[in-house]
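Trainee: The lines below spell out each chain.
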Amino acid sequence: MKKIESGNVAAALGVKLAKVQVVAAYPITPQTPLTEKLSELIEGDELKAEYITVESEHSALAVCIGAASAGARAFTATSANGLLYMSEQVHWAAGARLPLVMCVVNRGVGAPWTVWNDHQDSISQRDAGWIQIYVNDHQEIIDTVIKAFRLAEAVSIPVMVCYDGYYLSHTYMPFDVPDEQKVDTFLPEYQYKHTLDPQNPENLNTVTMPFARPDRDGVTQPGYMDIRHNLHEELGTAIPVFEQIDAAYKEAFGRGGKPIMSDYRCEGADYIVVSMGSLANRIKDVVDELNDEGVKVGVLSLHLYRPFPREQIIAALENAKGVIVIEKALSYGNEGALFGDIKAALYPCEKRPFVHNYIIGLGGREIKQADLYDSIKASCTASENFEDVSRWIGLNR
Amino acid sequence: MQTGRLYPTFSVQALKQDNMRSDITRIRWHGRGGQGAITAAKIVANAAFVTGYEGIVMVPSFGTERRGAPVSTSLKISKTKINDLSPTENPDIVVVLDHMLLDEVDVTAGLKEGGLLVLNSPRQLQDYQFKNLKLAIADVTTLSSEVGLKKGIVNSGIIGVLARAVDLVEMSVLAKEIEAEFVGKKPAENAQSALLAYERTVMGEM
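Quick mapping for you: the protein sequence lines, in order, are chains A and B. Taking the working numbering as reference, the numbering of the first sequence is continuous, increasing by one, and the terminal residue is 397. Taking the working numbering as reference, the numbering of the second sequence is continuous, increasing by one, and the terminal residue is 1206.
If you are wondering where the hints come from, they were derived from the structure by calculation, not from laboratory data. None of these values were measured; they are calculated from a predicted model. Check each hint, because a few of them may be wrong.
In silico contact screen, one side only, chain B against chain A (beta carbon under 8 Å); selected entries [claimed, not checked]: (1) Arg1021; (2) Asn1046; (3) Phe1049; (4) Asn1083.
All C-beta atoms, glycine included, are put in the ideal place defined by N, C-alpha and C.
Okay, chain A solo, but in the shape it has when bound (with noise of 0.2 Å):
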């Protein structure tokens, strides 16, 4: 059934289709009407769900965390300081390996306050241990929220959905939300392999020693290193089982094919654009008037950014003459964040592409399609001397 509604509304939905048992989180701007729709959905019994009210993000996460493992299926949702507030919770999800699913309504972090999008704050717990998707419009939010389910719980890792404030979640869009029966189908009821169950009582993640030691049926049981080594690997075997269910879904609803990352007119590019979120969306009309003008260039939008798909990476630009990476965030006092992950990967390519770095539109800064056009121009017209910098675009000054 086809929709024109706001993207917090279409991830509600989303979770309302996932059928998820638990929802715990706290109201923010710009993630307030996803929290609010969701308490709707439950308090008129279209969502059989139990909706526990908290004091803090902090404490939303540990609700989802403590529901997960008594075996349900829980979403939480937040932005900015919010995120930062439940960042304690956020690697205990993960190193506990627990299959939530959170949507972060991206928004740039205080001080000084700011209620508009940037991506610092997701990109800020990149490192966290969780799987990091960026969506670019409504369908992608609905569709992405779906198979987040099947992922998380496919791995046994948590999954944020990232999505920009106001861009995406205050605008209205129409999108598809999907049949719920296919759904059913595609995300049926799962059952966990360690659950807290009376009947069955044992310990999770208590202290675990630096080495690996017998337990008291002789058996080795891994020390610290062993038990995040496995959550670093299985972070990488994500990146297949993630196109499988990708796959699954497109058999089943018509939609995806380019889970880990899109592109746009990037075939035979002499420069490719990489970015994320729905500002790759926005650089397609860009692109579009360079190619107008001669200029062979793409965009790449990059969705999995954690784990990194280094060599989907490598394939989709080491044969560019150059890659210019716009992002919304960065590594204070180094560079954009993504700028550093793309370079790394394809450091070790033969015939490297320059990579030019451009900052943009934080905490709301009005991004400007003459900017990006005379960014990307720039660079795609740069001389060798162009220095290897992170530039900010559309400053004050």
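With chain A held as given, fit chain B onto it using these hints.
Mentor: Relative to chain A, chain B alone:
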């Protein structure tokens, strides 16, 4: 350590405007918080979608919103998908739900030359002195009380004025979408308000 440097000055390419796609119709709606400008835009969005427009994006003014304070919403409509989700700076059409806003907000800011201004006002066409635009006026506030709506409900009626002034979406389709949106909230009266405003709209060029 590598640090970001100020963005160097490139020769600024004079672009047509800040938007590159001429296939998009851009409508900016001005109202007051709580007056229902977003609902009105959403109704037109739904009607346009039913009519066959695939690219529909509605962008409410980002940030905080207070009841009674001026708010605006952008609605972009095209036959094909729209990628730019930023509020529109250069509308083709501006819709104003409350004529008193003209004293508070520069509603025609960025309105294209020869663009259309749709206004709910008790005044006459000749009372206004704009330059280089088309003006469509109806006293929606009075008309909507005539059909039995509570005083101040103008977000359904203003749609009739827009429908009369521009051939974007059929009035009959809009009326259906109005009834669907106002289920349980006097749907017939709301649709009637739009139809009446459609009939009473006065238009002129200046």
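Trainee: Would you mind marking each hint as holding or not holding in the structure?
Mentor: How the hints compare with the structure:
no., hint, in the structure
1, Arg1021, "holds (6 Å)"
2, Asn1046, "holds (5 Å)"
3, Phe1049, "holds (5 Å)"
4, Asn1083, "holds (4 Å)"
Comparing the model with each earlier hint shows no violations; every hint is respected.
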